[in-house]
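Same order as they appear, the protein sequences are chains A and B. Take 197 as the starting number for the first sequence in the working numbering and just add one per residue. Take 197 as the starting number for the second sequence in the working numbering and just add one per residue.
Check before you lean on any hint, since a few could be wrong.
[Claimed, not checked] Cross-link-like lysine-lysine pairs, in silico, DSS-like; alpha carbons within 30 Å at most:
1) B:K502 to A:K279
2) B:K502 to A:K502
3) B:K221 to A:K231
4) A:K250 to B:K502
5) B:K395 to A:K250
6) B:K593 to B:K231
7) A:K279 to B:K221
8) B:K279 to A:K221
Read the hints as simulated data drawn from the structure, not as lab findings. All figures in this text were calculated on a predicted structure; none of them were measured in a lab.
So the chains spell out like this:
There are 2 protein chains.
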Amino acid sequence: MALVNENFLSLASGYLFPEIARRTKAWQERNLGEKVLRLGIGNTTEAITPHIAKAMHDKIDLLSDRTTYTGYGDEQGDTALRKALRDFYHKQYGVELEDTDFFISDGAKSDAANIQELFSSSMIVAVQDPAYPVYVDSNVVGGRSTGFNGTNYDGFVYLESNSENGFIPDVPAQKVDLIYLCFPNNPTGAVINHAQLKKFVDYALENKAIIIYDAAYTDYIREPGYVRTIYEIEGAKRCAIEINSFSKNAGFTGVRLGWAIVPESLESENGGPGTIHRLWNRRQCTFFNGASNIAQAGGLAALSEKGREECKGLVDYYLGNADIIKKGLESVGLTCYGGVNSPYIWARCPCGLSSWDFFDFLLEHAHVVVTPGSGFGPAGEGYVRVSSYGHREDIIKAVEAIKEHIND
Amino acid sequence: MALVNENFLSLASGYLFPEIARRTKAWQERNLGEKVLRLGIGNTTEAITPHIAKAMHDKIDLLSDRTTYTGYGDEQGDTALRKALRDFYHKQYGVELEDTDFFISDGAKSDAANIQELFSSSMIVAVQDPAYPVYVDSNVVGGRSTGFNGTNYDGFVYLESNSENGFIPDVPAQKVDLIYLCFPNNPTGAVINHAQLKKFVDYALENKAIIIYDAAYTDYIREPGYVRTIYEIEGAKRCAIEINSFSKNAGFTGVRLGWAIVPESLESENGGPGTIHRLWNRRQCTFFNGASNIAQAGGLAALSEKGREECKGLVDYYLGNADIIKKGLESVGLTCYGGVNSPYIWARCPCGLSSWDFFDFLLEHAHVVVTPGSGFGPAGEGYVRVSSYGHREDIIKAVEAIKEHIND
Chain A
197 MALVNENFLS LASGYLFPEI ARRTKAWQER NLGEKVLRLG IGNTTEAITP HIAKAMHDKI
257 DLLSDRTTYT GYGDEQGDTA LRKALRDFYH KQYGVELEDT DFFISDGAKS DAANIQELFS
317 SSMIVAVQDP AYPVYVDSNV VGGRSTGFNG TNYDGFVYLE SNSENGFIPD VPAQKVDLIY
377 LCFPNNPTGA VINHAQLKKF VDYALENKAI IIYDAAYTDY IREPGYVRTI YEIEGAKRCA
437 IEINSFSKNA GFTGVRLGWA IVPESLESEN GGPGTIHRLW NRRQCTFFNG ASNIAQAGGL
497 AALSEKGREE CKGLVDYYLG NADIIKKGLE SVGLTCYGGV NSPYIWARCP CGLSSWDFFD
557 FLLEHAHVVV TPGSGFGPAG EGYVRVSSYG HREDIIKAVE AIKEHIND
Chain B
197 MALVNENFLS LASGYLFPEI ARRTKAWQER NLGEKVLRLG IGNTTEAITP HIAKAMHDKI
257 DLLSDRTTYT GYGDEQGDTA LRKALRDFYH KQYGVELEDT DFFISDGAKS DAANIQELFS
317 SSMIVAVQDP AYPVYVDSNV VGGRSTGFNG TNYDGFVYLE SNSENGFIPD VPAQKVDLIY
377 LCFPNNPTGA VINHAQLKKF VDYALENKAI IIYDAAYTDY IREPGYVRTI YEIEGAKRCA
437 IEINSFSKNA GFTGVRLGWA IVPESLESEN GGPGTIHRLW NRRQCTFFNG ASNIAQAGGL
497 AALSEKGREE CKGLVDYYLG NADIIKKGLE SVGLTCYGGV NSPYIWARCP CGLSSWDFFD
557 FLLEHAHVVV TPGSGFGPAG EGYVRVSSYG HREDIIKAVE AIKEHIND
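Using the sequences provided together with the hints, build the complete structure.
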């Protein structure tokens with residue numbers, strides 16, 4: 197008698213993006229022929245760059261010749277790509293890792309969701325509030341919550357990020373086992389400095405907790421003094437897993453390629469030294485068959501000097517958009533966070549409007565779609581996330597429309 | 197205090213392929229300069245075909261232009277590809293499915309491993325013996341076994357496939373909840389007819405069980421009378437999930453693309469109608485971000501008339517290899533199964549040798565690597581699996597070498 201996994205049934209319905217889509221569609225039906233400008237989803241819009249595209253074309257040519265064709269690759273990823281990532285971390289961040297610490301995947305979302313499977317279902321989970329919903333949802337499926345209480349999930353520890361703490365929460369007041377952190381933060385755009393992150397690493401070492409550090413936006417950091425990889429912090433190799441991706445710097449949101457760093461030196465209470473690393477290897481070998489070899493060829497090119505230059509160009513472009521959005525919104529009196537060292541602007545709703553009220557206002561009057569902050573957790577209420585992913589001309593139009601209607 | 201998932205610790209070490217690699221490497225070190233011929237892993241060797249390669253090149257060109265670039269696709273897969281699969285099932289198999297029943301993935305292995313997450317950890321699992329190890333391992337991680345007993349996992353029901361039942365096991369004698377079936381079978385090469393599979397579907401409907409049907413080798417069926425998709429059987433849409441892939445017909449083992457069919461009409465005891473379908477959708481939206489858009493463009497081309505023709509050429513090639521292997525081994529008195537309607541030859545070890553003894557013999561004397569049948573489960577003891585994936589010239593050399601040394 198087949199019974200579905202009750203933990204899946206505990207998941208509250210995926211409310212945010214379907215609801216945005218529903219309201220946008222309804223508006224379009226009422227306003228036929230009007231164009232909507234979308235600054236909602238963090239979806240890249242600019243072309244794959246020439247050096248990276250060429251590497252993928254070349255890979256297809258190799259696959260099209262039986263003398264150079266290759267089938268299954270290593271589940272952990274191509275050796276050359278793992279080595280290139282290790283070298284990149286050394287050169288760019290001054291951090292020493294082993295190439296075998298890097299596991300190539302089809303993207304940061306998969307890793308962010310799957311990583312919890314490594315841990316006991318009894319683990320107490322801490323997440324930033326607001327946060328990317330995947331951390332919470334995957335741990336609900338992993339059986340670590342006792343249910344949704346209408347606002348958030350019972351059993352999880354929510355670390356509130358607000359304007360008072362500069363969107364950098366304090367370490368948990370109680371004992372937790374897994375801590376999800378994301379910097380530059382999605383959705384608030386906050387970046388973390390060494391002293392702030394060191395408190396989390398020290399907490400984790402002291403409490404034998406594991407930090408899952410999502411660094412998917414790290415290439416957007418352009419100011420000094422902020423952490424670009426958690427392994428810049430002493431002791432992190434014993435307590436932190438880092439997740440990253442080629443989505444937001446090389447434009448691989450659809451091509452799909454990411455990596456997780458699961459150092460052999462990670463410590464767990466059961467299973468002995470190296471267990472977390474060894475089990476992630478086993479997990480990937482059992483549940484995964486490697487990322488697409490074409491995408492991996494593109495990723496390798498993205499790490500070359502020429503590729504890095506091209507990626508920097510893409511990130512510069514989106515940061516330029518972010519600057520336009522931030523300055524535009526501030527010019528009409530909105531309080532904004534992020535938008536520097538980050539592609540996201542976290543804007544306070546004016547006049548005490550709720551996130552959804554301001555969403556409706558912007559859609560109705562400016563014809564611009566943003567993301568209601570409350571969709572990222574209760575502490576996001578009263579904010580909207582404005583994404584800088586878009587063509588420059590659309591960004592300018594959207595900002596002008598917002599300015600016009602907030603001035604009204 | 198981070199504790200790892202105890203279910204992962206219950207997994208017996210992945211013995212088979214590492215042990216093959218270890219013995220092969222040791223032999224090569226003792227026999228410097230000698231070439232080993234590999235008929236072990238089921239890994240494709242022939243080039244991606246022109247029409248499919250062109251579609252992937254074209255997709256990269258579209259991604260390289262900001263006016264045609266696309267980022268995130270739907271987690272469930274591109275609409276056009278899902279429709280093309282639905283049309284293909286209708287035209288090729290006379291089966292009616294909805295396009296929304298198809299979920300595009302990065303390959304059959306991921307789906308085969310992840311699908312168990314949908315079900316309660318209390319489910320009793322039946323697997324064929326021998327079987328592809330992922331079904332068993334993923335359910336161990338899912339908490340459905342009480343431990344490895346040295347031969348197999350306690351708590352699972354093993355359906356023995358042997359020469360007496362033609363490698364088609366009978367339905368379980370007891371009540372089970374999840375049944376994994378694979379036809380054409382890996383490793384035995386057996387194919388199933390309608391009457392035989394109908395018994396399983398009837399069993400599942402009667403016992404409210406779910407069948408997970410792995411049809412990854414279905415394109416190798418060339419003789420009439422065998423089932424190509426489980427949905428040919430009446431009632432299967434209420435009790436069966438099917439998994440398939442572009443790996444073995446389009447050569448996408450490294451490119452990565454597959455699909456699962458999870459019909460809305462599937463029934464479970466809890467959660468109400470449509471729950472399994474709805475939860476798989478939610479699972480894919482939470483744990484996955486879609487297959488690579490380049491691979492999906494290739495998959496769409498593979499389903500076109502021209503693409504199907506090219507894939508048929510690839511499958512013909514491997515079936516030609518299988519025929520050479522089967523006839524060659526039979527000519528020196530070995531008893532062989534499979535190798536027709538399947539890329540795998542399941543060969544009885546001569547003279548009462550064990551699987552590993554015969555493996556060692558073939559490596560030592562013929563310099564050929566095969567896969568010991570015992571690695572697929574206890575009922576595989578006394579057999580080796582010979583794979584037809586290889587260049588024709590290597591297959592011929594390997595078969596001649598085997599013939600020569602078995603004649604000795």
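Status of the hints after comparison with the structure:
1. B:K502 to A:K279: Outside the cut-off at roughly 39 Å; violated.
2. B:K502 to A:K502: violated, 37 Å
3. B:K221 to A:K231: Judged against 30 Å, a Cα distance of about 63 Å means the pair is violated.
4. A:K250 to B:K502: holds, 26 Å
5. B:K395 to A:K250: Distance of about 52 Å is beyond 30 Å: violated.
6. B:K593 to B:K231: Measuring from Cα to Cα gives roughly 11 Å; hence the hint holds.
7. A:K279 to B:K221: holds, 23 Å
8. B:K279 to A:K221: holds, 23 Å
Hint check: violations occur at hints 1, 2, 3, 5; the rest are consistent with the structure.
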